[in-house]
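**Q** First to last, the sequence lines map onto chains A and B. Take this note's numbering: the final residue in the first sequence is number 112, and no numbers are missing along the way. Take this note's numbering: the final residue in the second sequence is number 125, and no numbers are missing along the way.
Rather than coming from a laboratory, the hints here were simulated on the basis of the structure. All residues carry an ideal CB built from backbone N, CA and C; glycine is no exception. Check each hint, because a few of them may be wrong.
Label pairs and their in silico Cβ distance ranges [to be verified]:
id, chain 1, residue 1, chain 2, residue 2, range
1, A, 18, B, 68, 41 to 51 Å
2, A, 29, B, 40, 32 to 42 Å
3, A, 16, B, 68, 44 to 54 Å
4, B, 30, A, 55, 43 to 53 Å
Straight-line distance between alpha carbons at most 27 Å, and here's what the computed DSS-like set of lysine-lysine pairs gives [to be verified]:
id, chain 1, residue 1, chain 2, residue 2
5, A, 43, B, 69
6, A, 6, B, 71
7, A, 99, A, 6
8, A, 72, B, 17
9, A, 58, B, 32
10, B, 32, A, 72
11, A, 69, A, 111
12, A, 99, B, 85
13, B, 71, A, 43
14, B, 85, A, 58
15, B, 69, A, 99
16, B, 84, A, 99
17, A, 111, A, 43
18, A, 99, B, 109
19, B, 109, A, 59
20, A, 58, A, 43
21, B, 85, B, 67
22, A, 58, B, 71
23, A, 99, B, 71
24, A, 43, B, 32
25, A, 111, A, 99
26, B, 67, A, 99
27, B, 109, A, 43
28, A, 43, B, 17
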Amino acid sequence: QQQVKQSPQSLIVQKGGISIINCAYENTAFDYFPWYQQFPGKGPALLIAIRPDVSEKKEGRFTISFNKSAKQFSLHIMDSQPGDSATYFCAASNQGGKLIFGQGTELSVKP
Amino acid sequence: DVKVTQSSRYLVKRTGEKVFLECVQDMDHENMFWYRQDPGLGLRLIYFSYDVKMKEKGDIPEGYSVSREKKERFSLILESASTNQTSMYLCASSKTGDIQYFGAGTRLSVL
Chain A
2 QQQVKQSPQS LIVQKGGISI INCAYENTAF DYFPWYQQFP GKGPALLIAI RPDVSEKKEG
62 RFTISFNKSA KQFSLHIMDS QPGDSATYFC AASNQGGKLI FGQGTELSVK P
Chain B
15 DVKVTQSSRY LVKRTGEKVF LECVQDMDHE NMFWYRQDPG LGLRLIYFSY DVKMKEKGDI
75 PEGYSVSREK KERFSLILES ASTNQTSMYL CASSKTGDIQ YFGAGTRLSV L
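Between the sequences and the hints, there should be enough to build the whole structure, so can you do that?
**A** Structure, rendered in structure tokens:
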């Protein structure tokens, strides 16, 4: 019940396209859903996060869509750029507790 | 800028050796975490600490121990390294209920 399942494991998108990464969770007590971005040779860094009182959050080209009833959330990257090529992790936590991470998605944006 | 520094980027050790991975943060964060990152498995929590001299097991503590003698420093110890502990190790820190900031990671190879 503590798992967060992330898909796809890898994704190739053309420059200018939309990248979509999906995550599903089981624990309805989760109340914080961040996405982390990791470039090669670096540690993960927070990209964007959402709480379940809203269905969508947008920051620039990055949008989180949240479906509470389906227990799913997704990251959309609009107008994907080669500089977005990285590994993306979704995560979930309950009341500021430990983060449970998804399996990661390796995104490659081709020029 | 928050800085989480891991003492080594790369380490090569032999089976049975005692291994110390060091992590230092400069933002007076209460919480510190050790994760291991493996392809297809995401980030898995090994141990975490909410205060000096305090530690709690994460999801995969077997074969590891930790030490937190000072607030800014959190050490991960492999008492007797084994080949299945070859991995990327990531340290993170946070204020309670806030963003986790990660170090750049230590890639450990156990031969």
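**Q** Tell me, which hint numbers fail for this structure?
**A** 8, 9, 10, 11, 14, 22, 25
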